[in-house]
Amino acid sequence: MAESSVTTRVALAGNPNSGKTSLFNALTGAHQHVGNYAGVTVEKRQGRYSHNGRRHDVLDLPGTYSLSSYTPEERIAQDELLDRGHDVVVVVVDSTALKRSLVLLAQLMQTGATCVLCLNMADEARHAGQQLDRQLLSKLLGVPVVETVGHRGQGVDRLREAIASVAHRQPGPSRVVLGERLDRAIAAVGLHLVGSEIPDEHHPWVATKLLLADPLLEERVRRGPGGEDAIGEAARQRRSIEAEVARDIALYVMECYYGFVDGLLRQTLVQPPREDARALSDRIDSVLAHRALGLPVFLAAMYAIFWLTFTAGEIPMRWIESGFAALGSSVAGLWPVGSSSPLRSLLVDGVIAGVGGVVVFLPNIVLLFMCLALLEDTGYMARAAFLMDRVMHRFGLHGRSFVPMITGFGCSVPGIMATRTLEHEHDRLATMLVLPLMSCGARLTIWMLLIPAFFAPRWRAPVLWSIYLAGIVLALLLALLLRRTVLKGEDAPFVMELPPYRLPTARAVVVKMTERSWLYLRKAGTVILAISILMWLITSYPKAPGGGAASLERSVAGRVGRAMEPALGPLGLDWKVGTALIGAFAAKEVFVAQLGIIYSVGETDTDRGAERLRQKLRRDYTPLSAMSLMLFLLIATPCMATLAVTRRESGSWRWALLQIGGLTLLGYGVALVFYQTGRLLVG
Amino acid sequence: MSADALLTSALEDYLETIYELVRDQKFARVKDIARARQVRAGSVTPAMKRLADLGLIRYVQREYIDLTPEGEVEARRVYARHQLMTRFFGQILGVEHKAAEADACAMEHSLSAEGMDRLTRLFEFLDLCPEGKSLLDRFHQCPLVHGGQTTDCTACSWAGRDDQCQHLKRRSDVAVSELKPGQRGRVTHVNGTGAIRQRMLDMGILPNVVVEVERHAPAGDPIWIKLQGFQLSLRRKEAEAVLVAAL
Chain A
1 MAESSVTTRV ALAGNPNSGK TSLFNALTGA HQHVGNYAGV TVEKRQGRYS
51 HNGRRHDVLD LPGTYSLSSY TPEERIAQDE LLDRGHDVVV VVVDSTALKR
101 SLVLLAQLMQ TGATCVLCLN MADEARHAGQ QLDRQLLSKL LGVPVVETVG
151 HRGQGVDRLR EAIASVAHRQ PGPSRVVLGE RLDRAIAAVG LHLVGSEIPD
201 EHHPWVATKL LLADPLLEER VRRGPGGEDA IGEAARQRRS IEAEVARDIA
251 LYVMECYYGF VDGLLRQTLV QPPREDARAL SDRIDSVLAH RALGLPVFLA
301 AMYAIFWLTF TAGEIPMRWI ESGFAALGSS VAGLWPVGSS SPLRSLLVDG
351 VIAGVGGVVV FLPNIVLLFM CLALLEDTGY MARAAFLMDR VMHRFGLHGR
401 SFVPMITGFG CSVPGIMATR TLEHEHDRLA TMLVLPLMSC GARLTIWMLL
451 IPAFFAPRWR APVLWSIYLA GIVLALLLAL LLRRTVLKGE DAPFVMELPP
501 YRLPTARAVV VKMTERSWLY LRKAGTVILA ISILMWLITS YPKAPGGGAA
551 SLERSVAGRV GRAMEPALGP LGLDWKVGTA LIGAFAAKEV FVAQLGIIYS
601 VGETDTDRGA ERLRQKLRRD YTPLSAMSLM LFLLIATPCM ATLAVTRRES
651 GSWRWALLQI GGLTLLGYGV ALVFYQTGRL LVG
Chain B
1001 MSADALLTSA LEDYLETIYE LVRDQKFARV KDIARARQVR AGSVTPAMKR
1051 LADLGLIRYV QREYIDLTPE GEVEARRVYA RHQLMTRFFG QILGVEHKAA
1101 EADACAMEHS LSAEGMDRLT RLFEFLDLCP EGKSLLDRFH QCPLVHGGQT
1151 TDCTACSWAG RDDQCQHLKR RSDVAVSELK PGQRGRVTHV NGTGAIRQRM
1201 LDMGILPNVV VEVERHAPAG DPIWIKLQGF QLSLRRKEAE AVLVAAL
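From first to last, the protein sequence lines are chains A and B.
The working numbering puts the first residue of the first sequence at 1, with every later residue one more than the last.
The working numbering puts the first residue of the second sequence at 1001, with every later residue one more than the last.
Simulated from the structure, these hints should not be mistaken for lab results.
Do not rely on the hints blindly, as some may be mistaken.
[Unchecked claim] Computed footprint of chain B on chain A; a stretch qualifies when at least three of its residues, placed anywhere within it, have a C-beta under 8 Å from a C-beta of chain B:
| hint | segment |
| --- | --- |
| 1 | 286-295 |
| 2 | 380-389 |
[Claimed, not checked] Far from chain B, by Cβ distances over 12 Å, these chain A residues were calculated:
| hint | residue |
| --- | --- |
| 3 | Ala38 |
| 4 | Arg45 |
| 5 | Gly226 |
| 6 | Ala301 |
| 7 | Leu347 |
Just so it is clear, CB atoms sit at the ideal spot from N, CA and C, and this is done for glycine as well.
Input sequences plus hints: build the corresponding full structure.
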């Protein structure tokens, strides 16, 4: 059947934790695209599906509790609804938390949107014994009411039907009744909006916001004809109402919304949910969220996750390693032995080695994402945030920052991606920017090389531990600094919902896991590929006869290393390290390989090779300079994957560049101070 | 010559009445004045003679009275003063209209010039100062004004403003942050400002809602609460803004 040329534009709105995203996935399947809203860290999720030959574009709005104008998510949702004319707005509601969600529905109805009420998580509501007269509710509201179980994909067809049935209906009068006094005030303000550029159906909403003295909407209205009058009328009505009801307008309006919803539920909620519906979940919480036990249990869980990802990931990692090695040899084999063809070198040493070096971590990454998805979907993540918020908040972060930061100990990339769970932009950015300070797995290969080279056995563990600790302390301090300067702003509300524990569906976990792993892989395919080639270029050319160390020295990288030497000197370092550092930008493991080349050691990943390298290093550096180097490596050099992911998650280059610039400066400063003070003390 | 010292209260009242009548009808007749002042026509005539002697009124024809320019000035002054006093009792103090009029009449002649001046300035202040309106509204809403007790400030909406008035807490009110795990309370006030307050309202933390403290995190912050069938965590600072009557 040929597709009709008319596209229906659908928006999904709803509270966070209402299962909106699962529903979105169920509606759109593979046909979706995730990006960012311009310049902010808020995720923009779009997709489409076909129904009865008609194309439907779906936008998953950020989860909001109401349409106020305080957080970026709410502002974006409001803008989308007022400016970008969606044909249908599906309000996704957690059926077990009806009251609150219906307030959002009421606000959406006031904007004149054509709504569909989607009672999601209907299975849980039924299980709790809740009975709702859907037909009556639908009649009272004038909108279709559909039951769904989003994460199982149930009810999705009914939802599509409902959407199609209202799609191109003319907006009718709002059925939202907020009480005589408030409705009168809204009408009075609305009068002044007639003839302005604001469409008629938006008037009730805009009038309500003007009564609430919302600065964003006042700004919007002021620009048009009659704006000042409307604002003035709103001020008069507000004063009058506040005098009459003896409370402030924000409280009064909210009470009116709840009053409306209470009225609806009184008529339609035949049987409320049982009080003890959450009993099992609560019992579990008595242990997991226990004041004394909660934290140790959580730390143990995080440890278990790491242990799982690194041991279970070991075997697939080996496969991939040998796979790429085999690929390398077979491609190399296309040329005669000993050939110095640039193309061969490009493919084998540049592309395959470079990309392979990042892809090899894929098993770890996939497992890590799976564990994170499980944490999130069961609801345990919220408990972790609850336990950790006090500490995190001290440093300008949020309780939810803890898990992404811990993840960073494995790899910064999934850690940064995990900051999506943070609701507020400043928290998200602060966490993202300092995350690379969490000493990642790749850096561990460097510590494993350097520490045994310079420190006696009994010092090795403490030195390693102090590096990790330094990273953590610096991360927290830097976050604090950011929140006082660049990311200054009112504290975002912590008021956080604690949903009941839920058993995640395999489907939901797998979807999350693959989506994020695919993103990680795409980084390897695009940015890292480009940079691998670049790295190969600057470390291979210009060549010197005989290859090896001399060649590296003559290359662009070598020259840059030499040029950096004066700057590195005060840190106790030299050009050799400088050159290796350039390679480290691609991936940390490359640092060790590059050092190997410079010192003509060859195979650095065998124990013997590593030992030989250590001996040579001992000749050139002191423990002090080694420590300085490690500090610099810890702080200053986020790898290119990190940069790419920061750019993507933050929505602009500005933050990614700030991250790399700031961290490099900080790293330089810390290493400098450390080395010079050390010199003074030790001599 | 200022007519001030020579004008008795009674004459001022007559002048005021004439002013109002003339404003509405162009001329005032003795019997209109008598009716307006609820006196006999006979009492009006001597007063008119006196006013005419003072040069404040003149007879246009035998019966019709009009104000002279000087009379106009005086009448305006008296009239304005009366309006001011009525406003004072009516709008500022909140006295019911008829009583306000009566009180105004009683007081207007006994104020000194300075007293008048000061009162006028008070009005100007309340009108012009941005805080003035708010002050007035606050006064009008205060239960004290409506016959309540000083400690009965539950209905005052200003408990929710920036300048949180500690003394407005009912003796039995506590903040949610002070409740121990397992304790319940019925919300009386939702203080705080900005995004945080709005978020709490959005979540359904409203007066008369019952909340129960489930537990505290290590170090007592954040706090886990139950309400309306779902569960939330609040930072201690946020919980301090929610006042409840302990149950």
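Structure-based check of all given hints:
no., hint, result
1, 286-295, "holds (count 6)"
2, 380-389, "holds (count 5)"
3, Ala38, "22 Å, holds"
4, Arg45, "23 Å, holds"
5, Gly226, "24 Å, holds"
6, Ala301, "16 Å, holds"
7, Leu347, "54 Å, holds"
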